[in-house]
Amino acid sequence: MRKVCIMGWFWFLAATLLLGGCGAGTSSGDPHKRTVATPKRICWVQPLKGHPVHQLTQIAFAEGCKDLGYRAEIVGTDTVDIGGTIALAEQMLASGDVAGMVIWTGNPAWNPLIERVAKRGIPVILPHFPVPEGSVPGATGIIGCDPLAYARETAGEIGRALGGTGTVAITQGSFNSTENMVATSFTQEMKKRYPGIVVLDPQEEGFDAPKAISKAVSMLQANQNVVAAFSTTGGGPTTWAGAQKETGRKIVAVGLDYTRVNLDLVKGGQLFAVIGQPLWEEAYGSVGLVDKVLKGEKIPWWTKLPAPFIKKDKVDSYYILLDKVEAALKR
Amino acid sequence: MRRLRHMMSLPEVGILMPLVVFAAIFQTLSPSFLHPDSMAAMLRGMAFVGVIGVGQTLLMVAGEIDLSVGAVAGLSAVASAWLMKEAGCPVAVGVAGGMLVGAAMGAINGVVTVALRIPAFIATLGMLYIARGLNYLLCKGYPVYPLPASLKVFGGAEPLGLSWAFLVFVFLVVAGDFMLRKTVPGRMIYAVGGNREVARIAGIPTGMVKGACFVFTGMLAGLAGMLLMAQINVGQPEIGVGWELDVIAAVVIGGVSLFGGVGTVAGTFFGLVLMQVVRSGLVVTGVNTHWQTVATGVIMISAVGIDVLRRRWRSSQ
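Protein chains in written order, with my numbering: chain A, 1 to 331; chain B, 332 to 648.
Keep in mind that the hints were calculated from the coordinates and are not lab data.
Wrong hints could be hidden among the right ones.
What the hints assert, rightly or not - No more than 25 Å apart at the CA atoms, straight line, and that leaves these computed lysine-lysine pairs for DSS-like:
1) B:Lys471 <-> A:Lys66
2) B:Lys513 <-> A:Lys324
3) A:Lys324 <-> B:Lys471
4) A:Lys312 <-> B:Lys483
5) B:Lys483 <-> A:Lys267
6) B:Lys483 <-> A:Lys311
7) A:Lys304 <-> A:Lys292
What the hints assert, rightly or not - Which residues of chain A face chain B? A few of them, derived with a C-beta cut under 8 Å, are:
8) Pro39
9) Asn107
10) Asn111
11) Pro130
12) Val198
13) Asp201
14) Pro202
15) Gln203
16) Asp208
17) Ile213
18) Val217
19) Asn225
20) Val252
21) Arg260
Since this is a predicted model, take the numbers as computed values, not measurements.
Even for Gly, the Cβ is constructed at its ideal location relative to N, Cα and C.
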């Protein structure tokens with residue numbers, strides 16, 4: 001009897017949590033407003049939707065929709081589940097009132113869905129990933145920075161800071177097409193512009209801070225002549241700041257993304273610079289592109305955005321942007 | 332010969348042999364490998380998973396397993412950071428809150444497993460998702476930052492050239508190993524894990540023992556998450572992702588049986604050191620980054636294989 005009672009309470013608790021979750025949904029559409037006027041809906045499709053960087057892009061997208069009079073719908077799973085996210089996107093498509101779709105991908109696994117969406121006459125914009133024109137049948141256009149350009153710029157900046165000599169370590173969050181491309185472009189540019197600088201083969205730092213720091217420490221200890229490091233991921237600044245602290249060595253370290261933690265590391269001098277991928281701008285701008293297409297205007301395949309190299313003297317404006325994001329998040 | 336046989340009968344020897352062999356190989360290939368700074372960095376790096384490893388060892392010796400430790404570590408860290416930053420609580424309250432969250436998650440695991448008899452594998456797998464979801468609900472996926480300055484000072488301190496996290500880990504290893512080998516509760520854990528029915532007939536409150544192990548493991552998971560939070564000075568929602576596999580690997584490599592009743596905390600310690608030595612050694616010796624992952628897996632299987640051979644040799648004597 002006692003067990004039945006405990007089981008009963010367990011299921012009651014589970015049901016309450018589920019219902020609570022339903023009530024606390026984050027759907028951007030207001031059901032009361034829908035009955036009065038129904039603005040066109042644009043879907044933002046993105047796996048791992050809870051990731052901080054992804055959330056920043058979702059807020060920017062929602063702001064873009066608000067400013068241009070669209071209803072924003074965030075579609076995605078909490079994990080890197082491509083199949084699950086595609087299924088959710090197809091459900092959205094089946095609802096029949098989607099005016100545009102913005103899909104966070106550079107992965108060919110999405111091509112069949114993109115083609116299906118395009119066949120319905122719905123514009124599809126791909127932010128962030130620089131996929132070549134013609135490689136994604138049905139896609140209307142892409143928006144984002146040119147990773148090759150910021151990789152080249154970083155090589156130039158690090159080379160200048162080192163005075164043309166020394167060894168540079170590279171770490172990647174994982175070996176994916178964009179990060180591989182950035183690492184290769186960085187190495188080639190460094191070889192071309194500063195032949196006196198040796199660039200080590202990229203190492204995978206992963207996404208767990210202690211493991212990543214430990215790996216960076218091993219790299220520094222195995223290569224006593226490493227005087228600079230470039231990480232192609234947003235966790236890289238923490239990794240290399242941690243490794244410098246652990247080894248007591250000061251190096252010229254550069255990583256990605258203007259998160260508050262990373263900006264503080266630049267401001268505090270533990271990091272030479274971060275590369276500001278235009279995450280906000282590309283997500284916000286993707287709505288503008290959908291809007292243009294819906295109005296019959298032509299858009300280029302690649303709407304290129306700059307990715308600034310943010311050194312200590314430039315961090316302040318990014319703090320303001322983050323304040324805006326955090327305020328939106330609290331709302 | 333008798334001395335050799337006695338030495339070989341020690342459970343930790345099985346893991347010490349490959350540890351010494353691999354350390355010697357890496358040192359030969361790269362003389363900087365066993366440099367004091369390098370060793371200190373390795374030890375610091377394994378402290379977080381190690382803290383949880385102590386609890387997981389007790390739990391697995393008791394015949395259960397907890398797959399939610401990584402997620403609980405993340406939830407506790409974020410809850411603690413949230414209390415300090417958003418609720419304006421003092422650091423002590425934040426830390427106590429984080430520990431309580433860990434203990435509560437462990438207690439729920441214990442109740443679900445022991446009272447409701449849902450297998451620990453499923454119960455704690457479910458808790459993994461629950462804790463991860465609650466973590467994101469609390470911080471909305473965003474790092475909780477900045478944290479109080481005193482926490483940064485604590486996280487950045489290097490007592491004896493190491494870190495507070497590592498010293499806490501060492502204290503827990505010594506205390507845990509002593510408790511398991513030399514105290515009545517420790518013997519109870521072995522008895523429950525070895526044969527639950529016999530332990531019950533002998534008057535041991537088996538449910539209480541298992542439940543306490545779950546609570547202790549949850550609490551240590553919370554502590555590990557908060558130690559990392561203090562070190563990186565951010566309540567990062569990703570804290571603890573994937574730790575459960577590292578913890579279980581270290582515990583099993585260290586000689587703890589997946590079926591319970593066998594193993595020591597010291598063995599887990601050496602299991603962790605072996606994993607860290609392999610990971611760092613492969614980087615230091617310049618092994619291709621893709622081969623590092625393959626080599627890590629092969630070396631882990633080899634380490635356990637050597638231990639299995641040692642046990643067979645011992646039983647044949």
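Hints versus structure:
Restraint check for lysine 471 of chain B and lysine 66 of chain A: the C-alpha separation of about 21 Å stays at or below 25 Å, so the hint holds. Annotation: proposed proximity of lysine 513 of chain B to lysine 324 of chain A is violated, straight-line Cα distance about 57 Å (limit 25 Å). With a CA separation close to 15 Å, the supplied pair lysine 324 of chain A and lysine 471 of chain B stays within the 25 Å bound. A threshold of 25 Å between alpha carbons decides the hint, and for lysine 312 of chain A with lysine 483 of chain B the separation of about 21 Å falls inside it, so the pair holds.
Our distance criterion of 25 Å between C-alpha atoms is met by lysine 483 of chain B and lysine 267 of chain A, whose separation comes to about 16 Å. Of the supplied pair hints, the one linking lysine 483 of chain B and lysine 311 of chain A holds, its CA atoms being roughly 23 Å apart against a limit of 25 Å. Distance hint between lysine 304 of chain A and lysine 292 of chain A is fulfilled; the C-alpha atoms sit about 16 Å from each other, no more than 25 Å. The beta carbon of proline 39 of chain A comes no nearer than 25 Å to any beta carbon in chain B, farther than 8 Å, and the hint placing it at the interface is violated.
At its closest, the beta carbon of asparagine 107 of chain A sits 20 Å from a beta carbon of chain B; the interface hint therefore is violated under the 8 Å criterion. Restraint check, asparagine 111 of chain A versus chain B: the minimum CB separation of about 27 Å is more than 8 Å; hint violated. At a threshold of 8 Å, the smallest CB-CB gap from proline 130 of chain A to chain B is about 24 Å, leaving the interface hint violated. Interface restraint check: valine 198 of chain A against chain B, minimum CB-CB distance 13 Å, threshold 8 Å, status violated.
Among the interface hints, the one on aspartate 201 of chain A holds; its C-beta lies about 7 Å from the nearest C-beta in chain B, closer than the 8 Å criterion. A cut of 8 Å between beta carbons decides the hint on proline 202 of chain A: the least distance to chain B is about 7 Å, and the hint holds. Among the interface hints, the one on glutamine 203 of chain A holds; its C-beta lies about 5 Å from the nearest C-beta in chain B, closer than the 8 Å criterion. Taking 8 Å as the C-beta contact cut-off toward chain B, the hint placing aspartate 208 of chain A at the interface holds, the least distance being around 6 Å.
Hint on isoleucine 213 of chain A holds. Least Cβ distance to chain B is approximately 7 Å, under the 8 Å limit. For valine 217 of chain A, the shortest C-beta to C-beta distance to chain B is roughly 4 Å, which falls under 8 Å, so the interface hint holds. Among the interface hints, the one on asparagine 225 of chain A is violated; its C-beta lies about 12 Å from the nearest C-beta in chain B, farther than the 8 Å criterion. The beta carbon of valine 252 of chain A is not positioned within 8 Å of any beta carbon in chain B (closest approach about 20 Å), and the interface hint is therefore violated.
Residue-level restraint check for arginine 260 of chain A holds (minimum Cβ-Cβ distance to chain B is 6 Å; threshold 8 Å).
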